[in-house]
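Chain residues, written in single-letter form:
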Amino acid sequence: MSEQEVKNLEEIFEQKIARDEKIEPKDWMPEKYRKTHIRQMSQHAHSEIIGMLPEGNWITRAPSLRRKVALLAKVQDEAGHGLYLYSACETLGISREELYEQLHTGKAKYSSIFNYPTVTWADMGAIGWLVDGAAIINQVPLCSTSFGPYARAMVRVCKEESFHQRQGYEIMLTLCRGSEEQKQMAQDALNRWWWPSLMMLGPTDDASTHTEQSMKWKLKRKTNDELRQQFIDQTIPQADILGLTIPDKDLKWNEETGHYDFGEINWDEFWQVVKGHGPCNKERLQTRVDAWENGAWVRDAAMAYSEKKAAKKVQKAS
Amino acid sequence: MQKDILIKYILGIADNSLILGQRLGELTGHGPTLEVDIAMTNISLDLFGQVRSYFQYTAQLSEEDKTEDDFAFLRKEREYINVLLVEQPNRDFGYTIARQFLFDHFHFLFLNELQNSKDKTLVAIAKKSLKEVSYHRRFSSDWIKRLGDGTEESKRKIQIAINDLWRFTEELFHQTNADVEAIKEGIGIDTDKIKAKYLENVSEVLAEAMLEKPDLKFFQEGGKKGIHSEHMGYLLNDMQYMQRTYPGMKW
Chain G
102 MSEQEVKNLE EIFEQKIARD EKIEPKDWMP EKYRKTHIRQ MSQHAHSEII GMLPEGNWIT
162 RAPSLRRKVA LLAKVQDEAG HGLYLYSACE TLGISREELY EQLHTGKAKY SSIFNYPTVT
222 WADMGAIGWL VDGAAIINQV PLCSTSFGPY ARAMVRVCKE ESFHQRQGYE IMLTLCRGSE
282 EQKQMAQDAL NRWWWPSLMM LGPTDDASTH TEQSMKWKLK RKTNDELRQQ FIDQTIPQAD
342 ILGLTIPDKD LKWNEETGHY DFGEINWDEF WQVVKGHGPC NKERLQTRVD AWENGAWVRD
402 AAMAYSEKKA AKKVQKAS
Chain R
3 MQKDILIKYI LGIADNSLIL GQRLGELTGH GPTLEVDIAM TNISLDLFGQ VRSYFQYTAQ
63 LSEEDKTEDD FAFLRKEREY INVLLVEQPN RDFGYTIARQ FLFDHFHFLF LNELQNSKDK
123 TLVAIAKKSL KEVSYHRRFS SDWIKRLGDG TEESKRKIQI AINDLWRFTE ELFHQTNADV
183 EAIKEGIGID TDKIKAKYLE NVSEVLAEAM LEKPDLKFFQ EGGKKGIHSE HMGYLLNDMQ
243 YMQRTYPGMK W
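From first to last, the protein sequence lines are chains G and R.
With the first letter of the first sequence counted as 1, position 128 gets the number 229 in the working numbering; the numbers rise by one all the way through.
With the first letter of the second sequence counted as 1, position 97 gets the number 99 in the working numbering; the numbers rise by one all the way through.
Since the hints were made in silico from the structure, they are not lab data.
The reader is advised that the hints may include incorrect statements.
[Unchecked claim] Think about it this way: if two alpha-carbon atoms lie no more than 27 Å apart in a straight line, the pair counts; the simulated DSSO-like pairs of lysine-lysine are:
1. Lys147/R to Lys284/G
2. Lys68/R to Lys417/G
3. Lys68/R to Lys410/G
4. Lys319/G to Lys123/G
5. Lys215/R to Lys409/G
[As the list claims (entries may be wrong)] Here are a few chain R residues that sit away from chain G, every Cβ distance over 12 Å (derived from the structure):
6. Ile7
7. Gln24
8. Glu28
9. Thr30
10. Leu63
11. Ala74
12. Lys122
13. Arg140
14. Glu172
15. Lys195
16. Ala198
17. Lys199
18. Pro216
19. Gln222
Every residue gets a Cβ at the ideal spot worked out from N, C-alpha and C, and that includes glycine.
All chains, full assembly: derive it from the sequences and hints.
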């Protein structure tokens, strides 16, 4: 293809995005667009799959049948999200095996929040309320992102996430209306999950490398700092209803800006966890690698069986 | 029929679903593929759904002020009366599937008969559960075939699991005193009547999977009398952790 032809294609592509039309897998797209989408969508899929583990940690110990069923269903939803995000990713010409390989070798990232341990039942509430809450803020704008399969997957993901968030908040509410010990458990969970949840919205704008390009492709509509502010502003009244205290002594309402001011985020901790040195990075990844390796003989068997079946069919037909 | 005997009869059905659901719940997030992970979580969810229906019924029957959770979480190990088969650990995917397969075929025939019970609540639960369990049975049977007729390694592994778990199949058909009473009243179902069909169905799948049906003389029993394998205490430790650590609280 001549340079002029590529330029023309690029122009058509940019115009499509500007008109808010969707880019579909078979459409021409710049290589960088493809790569960025593979990176972001797979990162998102990996986060869903790794994200099953901290909550999965409490399935066997859920305190009531009702909670156990809800937790099982929630973790299963996350597997479902992973499944259709991987599928959306595969439309860009990369296989699921390659995507797993990137995860298992540490080449691909996933959301750092899942590298924190779930130590009490209240963490199931805090994760739903805060982590899913922050995820929704990140994800709602993606429902109208430019790449069609991603946008459509996100519509469904967001519906389920908002259900999960309400469910998490309801766990917190039950704890806060319970005994003193339960309320303390809820406060302790908030103390541990608050700051990592703020970090989930990504590095500050001046440290964020992909923002500008992502804005252009509608992979992003607001900056990390704007999203973080939105999350804080919407969450504080919810904490008030629970009667819990946000673990930030600098937090106060600012009449002038109409937003909450908040304290300094520990970015050293953020980068430490991103780079693989959080409390559970090693365990989370190892668990996935083990599941994959232990399942190899099962996948091989399924493959061999379906090949035998197919061969028999051909034999019958001929 | 005496209420305490009816409760005991229902617990004998419900505990199997409870303990198997718990075992499957251990695997969420660890499946060999995402699709299998989702399917097995689904089975766990179905089983817990059934458990809730049974225990809500026993709570209603009970003279004491009990809830579904009291039955699920607050009994002593000796008071759980599930069969030994369902409490066996998830050694590998072969064991998990073999356990599921051997139970599902029983469960299906059992519920099919339970639809004819004189107890209307049990009939309703059986009808609803039967749809779910026919899917479970298809899922586990399909995997038995894939593993049996897959690779050399998978054939070896699933055969070992079948051989090992076969000794727990006889107990599926044992009858406790409560079972005998319930059968007499036309509420319970006579497991003797489904045994031949069970062996026939299971053998059919094993043959199609190119696997051998074990030929055993000695079988293990005890679960239905509350005498469990050594695995059970640890399973209950997890399951009852919250209820035991924080007694009497609402969650």
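Structure-inconsistent hints, enumerated in ascending order: 1, 2, 3, 7, 8, 9, 11
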